[in-house]
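**Q** Chain residues, written in single-letter form:
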Amino acid sequence: MIEFIAGKYNFWIAIILMMIGFYGVIAKGNLVKKIISMNIFQTAVFLFYISIAVVDGGTAPVLWDKNVPFDNPLPHVLILTAIVVSVATTAVALALIIRIYKDYGTIEEDHIREIHTKRVTEARKNELC
Amino acid sequence: MNFVEHLHVLIVAIPLLAVPIIPLVGRLRLDFSWYFTFLALSLSFFMSLNLLMNVWGSGPVSYFLGGWRPPWGIEFHFDLLNSFVMVVTTFIAFVSVIYAKQSVANEISYDKIPAFYAVFVLFFVGLFGMIATGDIFNLYVFLEITSLAGYALIAAGKRRYAKMASFNYLILGTIAATFIVLGIGYLYMATGTLNMKDLAERLPEVYESRVVFTGLAFIIVGLLIKMAVFPLHLWLPDAYKYSPSVVSAAMAATSTKVAAYVMMRILFSIFKIEFNVIGIPITELFIYISSIGIIVGSVLAISQTNIKLMLAYSSIGQIGYIVLAAAMMNPVALSGGIIHILNHALMKGGLFFVVGAVAYKLGTEKISDFRGLGKRMPLSAFAFTIFSMSIVGVPLTVGFVSKWYLVTGAVASAHWYVIPVILLSSLLTAIYFGRIINLMYFSKKPDEGEIIRNEAPFGLVAPTLAVAGLCIFFGIAASVPIEIAAKAADALIGGGLWK
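These protein sequences, in sequence, are chains G and D.
Number 33 in this note's numbering belongs to position 33 of the first sequence; there are no gaps in the numbering.
Take the position in the second sequence, starting the count at 1, then add 129; the result is the number in this note's numbering.
Be careful, since some hints might not be right.
Pair ranges (Cβ atoms, derived) [what the hints assert, rightly or not]:
1) D:Pro333 to G:Thr59: 31 to 37 Å
2) D:Asp160 to G:Lys102: 26 to 32 Å
3) D:Leu168 to G:Val120: 38 to 44 Å
4) D:Ile421 to G:Thr81: 35 to 41 Å
5) G:Ile13 to D:Pro410: 28 to 34 Å
6) G:Met19 to D:Pro333: 28 to 34 Å
7) D:Glu337 to G:Lys118: 55 to 61 Å
What the hints contain is simulated information worked out from the structure, not anything from laboratory work.
Cβ coordinates follow ideal geometry from the N, Cα and C atoms, glycine included.
With the hints as constraints, model all of the structure from the sequences given.
**A** Next comes the structure, spelled out in structure tokens:
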């Protein structure tokens with residue numbers, strides 16, 4: 001049992017981080033906190049990728065000496081791409097949050113929804129008059 | 130090197146190169162940005178037609194990016210299925226960019242138009258790439274390109290809540306994409322390769338492994354969110370409602386369908402059919418959720434008062450047909466699903482075109498304002514009628530063809546309980562579209578005077594009518610898409626896809 005937990009600790013860390021992020025995305029009402037949680041969620045997956053690249057006794061994948069075993073560089077490269085994507089997503093999300101804040105004066109999801117329903121009902125009333 | 134060899138990769142590359150150029154030329158003159166957009170996307174369309182003819186004539190083609198041979202390099206692989214989906218998507222891109230000219234000028238503030246077109250092209254680049262690629266990680270990258278462009282396009286909507294709709298989609302879309310990349314990681318762990326062909330060869334050895342199950346489960350859940358299949362559809366109605374009309378048309382017609390194509394690719398090409406039948410009860414699960422989704426989508430559509438929301442819920446029902454077709458695991462139903470990709474793209478794209486034309490002229494999206502549209506905007510109303518008959522499944526329209534194949538497929542594989550679902554949903558569809566047709570042609574307010582004819586401009590009506598014409602054309606001359614779809618479905622089921 002101990003071996004099951006300790007021997008695969010990299011997966012446990014990835015899973016725990018993922019669940020923290022996932023919980024935050026779902027449960028937090030603050031839009032910025034949602035984005036932070038989303039980043040944690042993505043980072044967990046990145047760590048998972050990096051950890052599966054490890055080779056026993058491997059060094060950094062730089063070819064100084066051909067006889068030394070080295071880690072698999074492919075997941076590293078993939079995650080570089082994924083990090084870029086994640087940064088772009090965060091940028092778009094933050095830009096959206098700025099616009100939302102300008103329109104609604106708040107970044108709490110509940111308040112935004114309240115203001116939205118209020119505006120919709122008012123618009124309906126004006127139409128009927 | 131000869132040029133023709135590179136023609137297939139240019140379908141993706143030309144629009145990608147156009148993306149940074151469009152805002153630059155837009156600075157010189159505003160019109161130029163549209164001309165460049167049109168040029169890039171129409172070139173893609175004609176090249177993909179050429180591609181489909183090539184593949185039809187002489188079998189699948191591969192293109193190695195940068196000359197690196199797979200499995201090390203990235204490969205674009207075209208077989209019948211993805212060149213067919215490519216033609217559908219590029220056609221929708223081509224038509225919607227024609228439609229976009231006047232619609233966008235009306236809905237987007239003029240200093241943002243060049244940037245809007247750049248993002249619009251980027252959205253399609255992502256979709257084209259998702260269709261073309263033969264590398265599963267590359268698929269994720271293109272998926273994120275199209276999603277990111279999609280968020281920006283939705284946020285370009287005029288109404289204030291558009292940003293919030295876009296944000297909600299961003300959260301769900303990112304969760305979906307992260308699930309997909311995690312699933313890809315699991316598959317990579319089990320096989321050590323990312324090339325789809327290579328995966329298909331190496332996976333059978335590890336079908337028993339739990340890593341592979343988990344990987345597939347993550348990828349499928351991610352794709353179901355992207356497709357907006359019933360329990361995971363929550364982002365879709367707001368996203369379609371608040372986005373500019375040309376964006377809702379382009380998105381509704383293409384993005385969920387491309388995700389459905391990716392699902393077919395993963396279920397049938399990367400994982401062999403034996404895995405799906407024996408492995409986990411994923412197909413039965415699909416049949417249940419898509420059947421529920423078809424009914425729930427149709428029922429929710431009936432209760433809407435906003436036309437865009439109604440069409441969005443109808444989309445949720447319609448995507449259920451494609452999932453259902455894939456889940457029944459037999460070639461007849463699957464070819465029905467592949468044709469439905471074309472048919473639903475035509476019908477839903479066309480319907481959103483009409484909605485955009487109505488919004489252009491009357492500035493409304495309320496269903497009650499469609500009253501008297503048959504006299505006010507006769508051409509648009511006529512096109513709307515054709516699309517709705519097609520979506521209900523009236524014979525001589527495309528909708529009938531795909532429903533026919535779905536039902537015969539269900540009979541062939543003895544999924545009897547699917548047939549009442551399809552028939553019931555046709556009935557429900559008839560209810561909510563019948564209501565609008567009734568409003569357009571036969572309903573009149575008593576105190577209203579003579580209705581003046583006030584048709585939308587030619588630039589909006591022409592593409593709508595062209596799509597409506599295709600709806601009828603492929604309903605009568607159905608043999609062309611059916612032959613392609615049937616061959617593609619046979620290849621998928623037989624697992625002989627890569628040969």
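**Q** Looking only at beta-carbon atoms, does the pair Met19 of chain G, Pro333 of chain D fall within the given range of 28 to 34 Å?
**A** holds (32 Å)
**Q** Given the hint of 38 to 44 Å, check if Leu168 of chain D and Val120 of chain G actually sit that far apart at their C-beta atoms.
**A** holds (41 Å)
**Q** Hint says 31 to 37 Å; check whether the CB-CB distance for Pro333 of chain D and Thr59 of chain G agrees.
**A** holds (34 Å)
**Q** For the hint 55 to 61 Å, verify it against the beta carbon of Glu337 of chain D and that of Lys118 of chain G.
**A** Holds, since Glu337 of chain D and Lys118 of chain G (Cβ atoms, about 57 Å apart) stay within the stated range.
**Q** So the hint says 35 to 41 Å: do the beta-carbon atoms of Ile421 of chain D and Thr81 of chain G match that?
**A** holds (37 Å)
**Q** Should the hint that Asp160 of chain D and Lys102 of chain G are 26 to 32 Å apart at their CB atoms be regarded as holding?
**A** holds (31 Å)
**Q** Confirm or reject the claim that Ile13 of chain G and Pro410 of chain D have a C-beta distance inside 28 to 34 Å.
**A** Roughly 32 Å apart at Cβ, these two residues keep to the hinted range, so it holds.
Violated hints are absent here; each numbered hint is respected by the structure.
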